[in-house]
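**Student:** So the chains spell out like this:
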Amino acid sequence: MYKMLVIGLSAGGIPLVKRILRALPQNYPLAIAIVAHLSREHESHLAEMLNELTYLPVSMARDKEVISPGRVYIAPPDYHLLVEQNPHPQSHFSLSVDGLMKSVRPSIDVLFESAAEVFESGLIGVLLSGANTDGVEGMACVKRLGGLSVVLDPQECDFATMPHAVIKHVDVDYIASMDEIVSLLLSVYEPS
Amino acid sequence: MPLVKWKNHNIEDVEVSLLLSALKQRYGYDFTGYAQASLKRRLLELTHYFGVEHLSKLLPEILYDEAVAQTVINNISVPTSEFFRDALVWKEVRTTVFPRLNSFPWINIWQVGCGRGEEVYTLVILLHEAGLLKKTRIFSSDINPAFLKEAQNGRWSLRRLDGWRDSYLRSGGSADFDSYFEIKGDEVAIREDLKQSIEFVQHNLVEDEVFKEAQFVVCRNVLIYFGEVLQERVVDLLTRSLERGGYLLLGRSEYIFDAHEKHPELVEINDKLPLYRKVIIKRRRYV
Chain D
504 MYKMLVIGLS
514 AGGIPLVKRI
524 LRALPQNYPL
534 AIAIVAHLSR
544 EHESHLAEML
554 NELTYLPVSM
564 ARDKEVISPG
574 RVYIAPPDYH
584 LLVEQNPHPQ
594 SHFSLSVDGL
604 MKSVRPSIDV
614 LFESAAEVFE
624 SGLIGVLLSG
634 ANTDGVEGMA
644 CVKRLGGLSV
654 VLDPQECDFA
664 TMPHAVIKHV
674 DVDYIASMDE
684 IVSLLLSVYE
694 PS
Chain R
988 MPLVKWKNHN
998 IEDVEVSLLL
1008 SALKQRYGYD
1018 FTGYAQASLK
1028 RRLLELTHYF
1038 GVEHLSKLLP
1048 EILYDEAVAQ
1058 TVINNISVPT
1068 SEFFRDALVW
1078 KEVRTTVFPR
1088 LNSFPWINIW
1098 QVGCGRGEEV
1108 YTLVILLHEA
1118 GLLKKTRIFS
1128 SDINPAFLKE
1138 AQNGRWSLRR
1148 LDGWRDSYLR
1158 SGGSADFDSY
1168 FEIKGDEVAI
1178 REDLKQSIEF
1188 VQHNLVEDEV
1198 FKEAQFVVCR
1208 NVLIYFGEVL
1218 QERVVDLLTR
1228 SLERGGYLLL
1238 GRSEYIFDAH
1248 EKHPELVEIN
1258 DKLPLYRKVI
1268 IKRRRYV
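The listed protein sequences correspond, in order, to chains D and R.
In terms of the working numbering, the first sequence opens at residue 504 and continues consecutively.
In terms of the working numbering, the second sequence opens at residue 988 and continues consecutively.
No lab work stands behind these hints: they were computed from the structure.
Hints are supplied without guarantee of correctness; some may be wrong.
[Claimed, not checked] Label-pair restraints from in silico Cβ distances:
id, chain 1, residue 1, chain 2, residue 2, range
1, D, L603, R, H1041, 25 to 33 Å
2, D, A634, R, E1169, 22 to 30 Å
3, D, Y677, R, L1005, 52 to 60 Å
4, R, L1156, D, Q529, 29 to 37 Å
5, R, F1091, D, A634, 46 to 54 Å
6, D, A634, R, I1170, 47 to 55 Å
The beta-carbon is built from N, C-alpha and C at its ideal position, and this holds for glycine as well.
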């Protein structure tokens, strides 16, 4: 059973992630963590903006915060967001200001790889749109550790460098349209 | 017992733990309480640096070659910062913290984690501009003597200056930022006279005690590298080193986990800023 959903996006990705979050129902059983490349010094209002349009509570991820199902966490600007394997019943986030990866911080690779190591086959990784190649290593790791790897069809986005790079380097499970991604993410939801 | 095949990332966890054990026993550097995920990333990067297939291949070198061990240690406690990083936080420090600090007859500031000196010299410039530098002693500490030396040296690549100047201006700075430096070839050096108020001190947050009472403790992006238990110890240490009424500044996205319960004498100033003030706790009297 899936426990966590990680979403990576860069240029052109904000409208797409909005669409996904709008479609997810209350009590969605997965925890969701999002890395979006925003300008480094720009104070992010992304969490507030997304919070307006989804049933799920959205907040900036905090260091040591326990990862709870049905919540959406955004990587804070200028920090890498990582998932910690810990002795507690639930895993938690940590932050780092280690160097830029592929010239970005937060890095999609860093989140995806650390989440894959903790959740393994319980992880879904979704990459949307972007003009760089961040996410390739992360998605490779999701796939290698048995998680579900999903990338947006490059024909559906304006900035296709990222999805193209992922498709080239990783044998992903799904190359999907936005509609397909949404129904895929809804299919793991079984209302009780 | 049959031997079971493991996934590589689980084996890497074993390698990390062996390596940390070697550093602790052989050199006295204890990183075992650090947050694991980012620590593991930094260690695995070393396999590329040294061109080895597995982290455990570095074990003999670490144990027998001090130079290799030093490289590993430097990489684990890698400092990254810049002048006036998070300009708006510093702007707040100018307006919120400094007027209060001014009410103390003299000021001790403990800046934790010297990095390459960017944060401590940022503080010096701010204090200088606020007219507080003359009555201030700044203690900049780090676990790693190599970093202390580098910070004391105070030189950086010239091409970083433009970005820092922008941040300085956004922090509310109105002087000529470049005048705080001397250009030496392709490097900039902080002016010698700006080093006078600083004392660089080797201090290990993992095991050392409070060494100075301070009115302002600046500990930015250090706590995120610690696991919960160590983090709690360090926050306790920082709190004890603060005079009542003193301030604790963290990194922009940092906050103190369970502050209400575990560190009730620290009060968050507002939710926009990673700034805490040490207050007097009134003991509840049971009648």
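**Student:** A separate judgement is required for each hint: does it hold in the structure or not?
**Tutor:** Structure-based check of all given hints:
1. Judged by the Cβ atoms, the range 25 to 33 Å given for L603/D and H1041/R holds: they are separated by roughly 26 Å.
2. Take A634/D and E1169/R: their Cβ atoms lie about 39 Å apart, and the range 22 to 30 Å is violated.
3. The given range of 52 to 60 Å is broken by Y677/D and L1005/R, whose C-beta atoms sit roughly 39 Å from each other.
4. Distance hint check for L1156/R and Q529/D: the Cβ-Cβ separation is about 45 Å, which falls outside the suggested range of 29 to 37 Å.
5. Taking 46 to 54 Å as the suggested C-beta distance range, the pair F1091/R and A634/D conforms, at roughly 51 Å.
6. At about 35 Å, the beta-carbon gap between A634/D and I1170/R misses the expected band of 47 to 55 Å.
Checked against the numbered hints listed earlier, the structure breaks hints 2, 3, 4, 6; every other hint is satisfied.
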